[in-house]
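Peer 1: Those protein sequence lines, which keep their order, are chains V and L. Counting from 1, one number per residue, gives the positions in the first sequence under the numbering used here. Counting from 1001, one number per residue, gives the positions in the second sequence under the numbering used here.
Note that these hints are calculated values from the structure, not bench results. Each hint should be verified, as a subset may be incorrect.
As the list claims (entries may be wrong) - 25 Å max Cα-Cα, derived SDA-like pairs, lysine to any residue: (1) LYS1024/L x LYS1003/L; (2) LYS251/V x VAL1169/L; (3) LYS1003/L x THR68/V; (4) LYS1033/L x VAL1052/L; (5) LYS1024/L x ALA13/V; (6) LYS255/V x ILE1178/L; (7) LYS114/V x VAL1052/L; (8) LYS114/V x GLU129/V; (9) LYS231/V x VAL1045/L; (10) LYS31/V x ARG1066/L; (11) LYS231/V x LYS1065/L; (12) LYS1024/L x VAL7/V; (13) LYS231/V x TRP1022/L; (14) LYS1033/L x LYS32/V; (15) LYS32/V x LYS1148/L; (16) LYS1003/L x ALA119/V; (17) LYS1003/L x VAL7/V; (18) LYS114/V x LYS1033/L; (19) LYS28/V x VAL17/V; (20) LYS114/V x PRO1006/L; (21) LYS1065/L x LYS28/V; (22) LYS255/V x ARG37/V; (23) LYS28/V x VAL1052/L; (24) LYS114/V x ARG1066/L; (25) LYS231/V x MET1/V; (26) LYS28/V x LYS1003/L.
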Amino acid sequence: MFITTRVYALITAATIVIALFYNLNLAKKGKKLYLRRIAGLDALDECVGRAAEMGRPIHVTPGLGGLTGTSAPQILAGLEIQSYMANKCATYDVRLFCSVSEPEVLPVAQEIQKAAHIAAGRPDTYREEDVRFLSQSQFAFASAIIGIIEREHCVASVMIGAFAAEALFLAENSAQLGCITIGGATNLYQIPFFIAACDYTLVGEEVFVGGAYVSQDQTKIAGLRAQDIAKALTIALLIIVTLYTTLTGDKSLVKILNL
Amino acid sequence: MRKALPTAILSFVATIVLIDYWFKIPVVNNMAKDFTTWVSVIANVALGLGAVNLVLVHSRHIRLKRMEWGNSLVLIVLMLYVMVIGIAQSSNSPTYRWIYDNINVPLGSTLFATAAFQIASASYRTFRARNVESGLLLITGIFVMLGKVPLGEMMASWMPTFAQWIMDVWNTAAQRGIMICTAIGLVIISVRVITGMERGHFGSGE
């Protein structure tokens, strides 16, 4: 009944889940959990501030992908950022454009924007056309975003989520148009492009901390602490296996862990 | 309720799919297979939503004669034309293929080709030695670039080996570090979404 070849995936997932609930319990008991500063996420407020001062809009995109498949967690992380930006923008009466590449993301992104305007007490300022499905084709998607940024004179371009070859095109053209650029990707091939072209970059796991970071919600931060514990355990495991294998010449641990 | 119901559905479906990954239970395996089929159905229905959104946004541009409204007109006309061809003759018909191969593919390739210029301008900004980090990046970048071209080998015979060492050791180590942390982050955000702890994507308020 149990697929034995997947036992280590189950152990890893179980360890992470246990760490998550342990930290959640700590947070509920009132323990203050520390969260380091992340410049890219701090800059989101700077973008809204500048946009409000200049009376110009902001563009945000969760990237190329849908709500299913491997890109889903990145897209959800991007939508968390959109949610935060939408709340801030609605409060300060800043127009926020959001572009999506998959039609199934469109109603979710529209709902986020609408809810933000209602929560800010300005339902009349919500414009359905500000959230757009552009194209599933990556370069058509990217060029359409650049078109919006140029036509609407956006002051900032936030690109946090799932990105592929269009990352450089998006980031560099946004920078050329004078935007504050904040990029975030987990795709190893696109991170260097974001680092090169963006003012601020979220690298790898930082993409997933956005929701917790911007809300400063202790229960959400508990999840990040669990992430750090899992990382520490992984590092410890790597060191132990490396030392054991090097010193004894026995590769049994490497085989067991399928390294 | 606005958040509770979607979260409950999400948690239920995700639990079934997770059980399907680790266990061979016919009832659960069949349910997971059905859910996967539903994903395709929902995605196809959503495609219609996307098309409606496109038409609404661009028809408004045309009606209000907004900046570059001509582009919106071209988009709507071409979209409807391709849609009609696809429905009438199927997406494998020669006309449909011609449009795809001679319009869509070259446009995508042209934009991809501009990447070389984007890299040059982005690198120029990044490789300016403004602080210690960008200075190190500049020096490393110079060694790697020289190691990858014949000029580097002409200057010093060890250059290609050194460049490869930077790529194999330093670069790979950093990439694997990012990869492992990203994988752990993926698991954590998935658990947070499945358990309803992360609900920002449902929007603010109840």
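Peer 1: Hint by hint, note whether the structure agrees.
Peer 2: Now the hints, each set against the structure:
Between LYS1024/L and LYS1003/L the CA atoms are separated by roughly 32 Å; this puts the pair beyond 25 Å, and the hint is violated. Between the alpha carbons of LYS251/V and VAL1169/L the distance comes to roughly 22 Å, so the proposed pair stays at or under 25 Å and holds. The hinted pair formed by LYS1003/L and THR68/V meets the criterion: a straight-line CA distance of about 19 Å does not exceed 25 Å. For the hint pairing LYS1033/L with VAL1052/L, the CA-to-CA distance comes to about 30 Å; that exceeds 25 Å, so the pair is violated.
Under the criterion of a C-alpha separation no larger than 25 Å, the hint pairing LYS1024/L with ALA13/V is consistent with the structure, at around 18 Å. The hinted pair formed by LYS255/V and ILE1178/L meets the criterion: a straight-line CA distance of about 23 Å does not exceed 25 Å. Straight-line distance between C-alpha atoms of LYS114/V and VAL1052/L comes to about 18 Å, which keeps the hinted pair within the 25 Å bound. A threshold of 25 Å between alpha carbons decides the hint, and for LYS114/V with GLU129/V the separation of about 11 Å falls inside it, so the pair holds.
Between the alpha carbons of LYS231/V and VAL1045/L the distance comes to roughly 40 Å, so the proposed pair goes past 25 Å and is violated. As the CA atoms of LYS31/V and ARG1066/L are separated by approximately 54 Å, the hinted pair breaks the 25 Å bound. This hinted pair does not check out: LYS231/V and LYS1065/L have alpha carbons roughly 55 Å apart, beyond 25 Å. Proposed proximity of LYS1024/L and VAL7/V is supported: the alpha carbons are some 13 Å apart, at most 25 Å.
Among the hinted pairs, LYS231/V with TRP1022/L is consistent with the structure: their alpha-carbon atoms are about 23 Å apart, no more than 25 Å. Taking the CA atoms of LYS1033/L and LYS32/V, the gap is near 43 Å; set against the 25 Å cutoff, the hint is violated. Using a Cα cut-off of 25 Å, the hinted pair LYS32/V and LYS1148/L is violated, with the two alpha carbons roughly 50 Å apart. The suggested pairing of LYS1003/L with ALA119/V holds, with an alpha-carbon distance near 15 Å, which does not exceed 25 Å.
A threshold of 25 Å between alpha carbons decides the hint, and for LYS1003/L with VAL7/V the separation of about 34 Å lies outside it, so the pair is violated. For the hint linking LYS114/V to LYS1033/L, the alpha-carbon distance of about 34 Å lies beyond 25 Å, and the restraint is violated. Annotation: proposed proximity of LYS28/V to VAL17/V holds, straight-line Cα distance about 16 Å (limit 25 Å). For the hint linking LYS114/V to PRO1006/L, the alpha-carbon distance of about 17 Å falls within 25 Å, and the restraint holds.
Pair hint LYS1065/L plus LYS28/V does not hold up; C-alpha atoms about 55 Å apart against a cutoff of 25 Å. Between LYS255/V and ARG37/V the alpha-carbon distance is near 39 Å, which puts this suggested pair outside the 25 Å criterion. Note on LYS28/V and VAL1052/L: the hinted pairing is violated, with a Cα-Cα distance of about 45 Å set against a maximum of 25 Å. Simply put, LYS114/V and ARG1066/L have alpha-carbon atoms about 24 Å apart, close enough for the 25 Å limit, and the pair holds.
About 31 Å separates the Cα atoms of LYS231/V and MET1/V, which puts this hinted pair outside 25 Å; it is violated. For the hint linking LYS28/V to LYS1003/L, the alpha-carbon distance of about 22 Å falls within 25 Å, and the restraint holds.
Violated hints for the displayed structure, listed by number in ascending order: 1, 4, 9, 10, 11, 14, 15, 17, 18, 21, 22, 23 and 25.
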